[in-house]
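Those protein sequence lines, which keep their order, are chains P and V. For the first sequence, my numbering assigns the number 1 to the initial residue and increments by one for each residue that follows. For the second sequence, my numbering assigns the number 1 to the initial residue and increments by one for each residue that follows.
Among the hints, a few may not be true.
Which copy is meant is left open, so a pair is good if it fits within one copy or across any two.
No farther apart than 30 Å at their CA atoms in a straight line, the calculated lysine-lysine pairs in the BS3-like style are these [unchecked claim]:
hint	residue 1	residue 2
1	K84	K412
2	K84	K289
3	K402	K378
4	K289	K82
5	K82	K378
6	K361	K289
7	K402	K289
Hints are computed from structural coordinates only; laboratory data are not their basis.
Residue-level listing of the chains:
There are 2 protein chains.
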Amino acid sequence: MPGTNILYAQSGGVTPVINATAASVIETAREYPDDFGTVFGAADGIIGALEERLIDTSSFSADDLVALGHTPGGVFGSCRYKLKSLDDNRREYERLVAVLDAHDIGTFLYNGGNDSADTAYKISRMAEELGYPLRALGVPKTIDNDLVVTDNCPGFGSVAKYVNVSILEASLDVMSMSSSSTKVFIMEVMGRHAGWIAAAAGLTRRGEGDPPQIILFPEVSFDREAFCKAVDRSVTTNGYCSVVVSEGARDAEGTFLADAGTTDAFGHKQLGGVAPVVAGIVGEDLGHKVHWAVCDYLQRSARHIASATDVAHARAVGRAAVEFARAGQTGVMPVIRRISDEPYEWTIASAPLGDIANHEKTLPADYISDDGFGITEKARRYLEPLVRGEDYPPYDEHGLPKYFRPTLHPVKPRLDPFTPA
Amino acid sequence: MPGTNILYAQSGGVTPVINATAASVIETAREYPDDFGTVFGAADGIIGALEERLIDTSSFSADDLVALGHTPGGVFGSCRYKLKSLDDNRREYERLVAVLDAHDIGTFLYNGGNDSADTAYKISRMAEELGYPLRALGVPKTIDNDLVVTDNCPGFGSVAKYVNVSILEASLDVMSMSSSSTKVFIMEVMGRHAGWIAAAAGLTRRGEGDPPQIILFPEVSFDREAFCKAVDRSVTTNGYCSVVVSEGARDAEGTFLADAGTTDAFGHKQLGGVAPVVAGIVGEDLGHKVHWAVCDYLQRSARHIASATDVAHARAVGRAAVEFARAGQTGVMPVIRRISDEPYEWTIASAPLGDIANHEKTLPADYISDDGFGITEKARRYLEPLVRGEDYPPYDEHGLPKYFRPTLHPVKPRLDPFTPA
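Full structure from sequences and hints, please.
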């Protein structure tokens with residue numbers, strides 16, 4: 001029989017709703033006291049699991065879990081650390097199983113993206129090989145929306161909502177000022193490898209003339225002349241132009257615009273930032289007054305404007321992971337299956353991790369409009385349901401969100417120290 | 001007797017709540033049909049007033065006005081245009097009075113900052129000189145919070161709330177990732193001349209270790225060594241460091257850090273952006289992985305996270321302006337007077353424009369902590385009430401805010417065309 005305890009770990013970049021998944025995992029496990037004992041969180045993700053730095057969540061009250069559910073960031077800490085293949089790093093997989101064994105853990109839930117699906121898959125195989133009874137499941141999460149099999153990834157919908165609201169609001173601003181001041185506004189969003197987030201910003205553009213008038217995707221080579229022409233056309237027609245640029249925008253040679261060699265006053269290369277580069281181009285080629293914003297982590301942590309649909313997805317995959325484990329499933333991931341676009345209906349299904357690991361869902365070509373600067377109706381039908389609904393955190397009497405910032409209780413280690421490679 | 005119509009104009013940079021003032025002006029005027037006729041909006045601010053481009057607001061329904069009240073940007077358009085002195089540009093002041101006369105306008109309300117207070121003041125004097133019966137009033141607005149006499153400026157509280165929520169959320173993100181990834185996060189906020197907005201971000205820091213650990217004010221010369229030492233101390237103590245930097249941050253010689261000569265790959269100077277410069281310093285001197293965001297217009301248009309206190313202020317000054325005009329007052333501005341910090345109580349008073357025009361309220365020295373990187377308790381007492389309360393816009397079924405974007409109805413001109421200088 002597998003151990004009754006659960007180990008839950010967060011992996012990679014956090015999202016506005018990954019803690020909603022965490023809360024849902026803990027809440028669901030508590031609903032089955034005959035089947036599950038303690039839920040442990042791994043401090044700093046898989047690194048903490050390897051180092052046997054576990055957090056006991058028993059001290060979280062039911063109210064704490066409600067608060068956790070509306071708190072951005074990753075409550076136990078996350079990390080960027082990819083376990084190597086079984087052959088290359090057997091030592092780490094064996095250590096992980098030893099840690100699980102030492103704490104009577106029969107369920108391992110790894111909440112992350114592609115890499116985590118791969119790791120969870122390998123752990124399930126390793127446990128089998130070692131004869132250790134384990135249910136190892138992946139739980140989807142990534143603002144990049146690039147997991148296959150699942151219709152969408154928890155985290156993405158909230159980022160999509162943030163960039164939509166932000167570009168709409170900023171466009172109303174520049175629209176007001178354009179007669180005598182700023183005419184072009186450029187907003188940089190995440191998505192180094194795929195334009196999912198940039199595409200989502202296109203939802204704001206519902207009719208001719210609506211912002212953003214231009215989206216720059218990583219999937220479409222940046223053409224300076226065509227871009228400037230399009231900006232100028234919008235300034236002429238609408239009085240202003242709003243541009244959303246993906247951090248992954250690149251030129252015909254595949255070079256990231258952000259890496260084009262920007263150096264600052266101190267002579268060192270600047271760290272990221274495609275928006276100022278595009279702003280420089282607008283200023284130089286067109287002479288329009290331009291403003292730019294870089295959303296960076298703000299978009300990825302904006303729980304205050306989370307999508308209610310996204311929160312529901314994040315909670316549902318957490319619940320399903322525990323229920324699938326309870327039913328004895330291993331080597332799987334709960335995925336979101338879309339039943340219909342309108343009315344929007346969805347359900348949770350179980351999918352083999354082997355089908356998900358190491359694949360990447362790119363933005364389909366037919367989601368990008370012919371001119372390369374916008375999204376198609378097909379993209380809109382897919383994206384729109386994901387930003388629906390608001391799910392506000394409560395605020396304290398001083399006007400700040402009541403985010404949950406617990407004192408974490410580490411579990412006493414039972415094994416010798418271990419240093420990950 | 002002054003004409004019964006009202007001309008309302010928006011001036012300078014817009015705010016998340018300037019339209020709440022506009023809605024309140026129109027609503028209040030409608031409450032007094034015996035005293036007031038039509039409320040006209042000046043298209044693109046004072047430029048439209050000079051060019052006789054007026055908007056008739058009669059077509060706005062009561063529901064429209066409610067929607068206007070929760071819409072960011074400036075509904076009639078704003079502009080950056082400062083009328084010169086009476087002596088230097090008598091022609092424009094005379095033209096303005098001619099436009100008012102042609103449309104039976106007896107009340108002129110100028111919704112803006114310092115310059116607008118000055119302009120409204122001069123118009124009131126000019127009208128008197130020409131024997132034109134006019135009530136000319138200023139109505140306060142500016143995210144910069146730099147108007148004197150008034151306790152605070154409508155617009156500032158909402159920006160303050162936005163930067164607070166944003167730095168709190170992004171800090172929860174970097175906190176989660178700091179063990180193996182980003183350790184320093186830098187967020188750039190507005191305030192080229194004064195650190196009011198940067199100071200407001202300090203509200204998030206309620207206790208030792210809370211973010212933002214460092215604020216860079218325009219009022220404190222940037223000291224690279226002291227800054228890096230402070231960043232490193234926070235990384236050692238807290239595992240990460242959150243920095244809020246004002247766009248107006250400058251070195252000991254008074255040079256803006258943002259203007260330090262950043263050039264991009266195309267060889268031209270970059271347009272603004274102090275956050276990447278500071279990020280470069282952190283990377284170079286400390287070697288920590290760093291992320292940065294530039295809020296730009298997002299902070300100034302974020303009606304979705306407006307402060308309810310700020311919205312109440314914005315509405316109150318709009319209402320008072322109409323009521324003061326009705327009582328025959330001219331050459332004044334409704335100002336916010338604070339009665340007590342805790343419980344927070346305030347009222348609206350009438351102040352002479354002459355006392356307000358051309359003065360600037362800078363951030364008091366005793367609002368900045370001794371180390372130059374934070375705010376004092378005194379600052380906190382002043383700032384905290386301004387971010388209190390939430391005032392969400394309604395959202396449509398597709399997950400976007402229902403912002404009011406009316407078709408504006410221009411009034412047929414009655415005068416010859418006029419070109420502002």
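Hint-by-hint comparison with the structure:
no. : hint        : in the structure
1   : K84 x K412  : within (27 Å within a copy, 73 Å between copies)
2   : K84 x K289  : between (49 Å within a copy, 23 Å between copies)
3   : K402 x K378 : between (38 Å within a copy, 23 Å between copies)
4   : K289 x K82  : between (44 Å within a copy, 18 Å between copies)
5   : K82 x K378  : neither (35 Å within a copy, 48 Å between copies)
6   : K361 x K289 : between (37 Å within a copy, 28 Å between copies)
7   : K402 x K289 : between (39 Å within a copy, 28 Å between copies)
Against the hints set out earlier in the document, a violation occurs for number 5 only.
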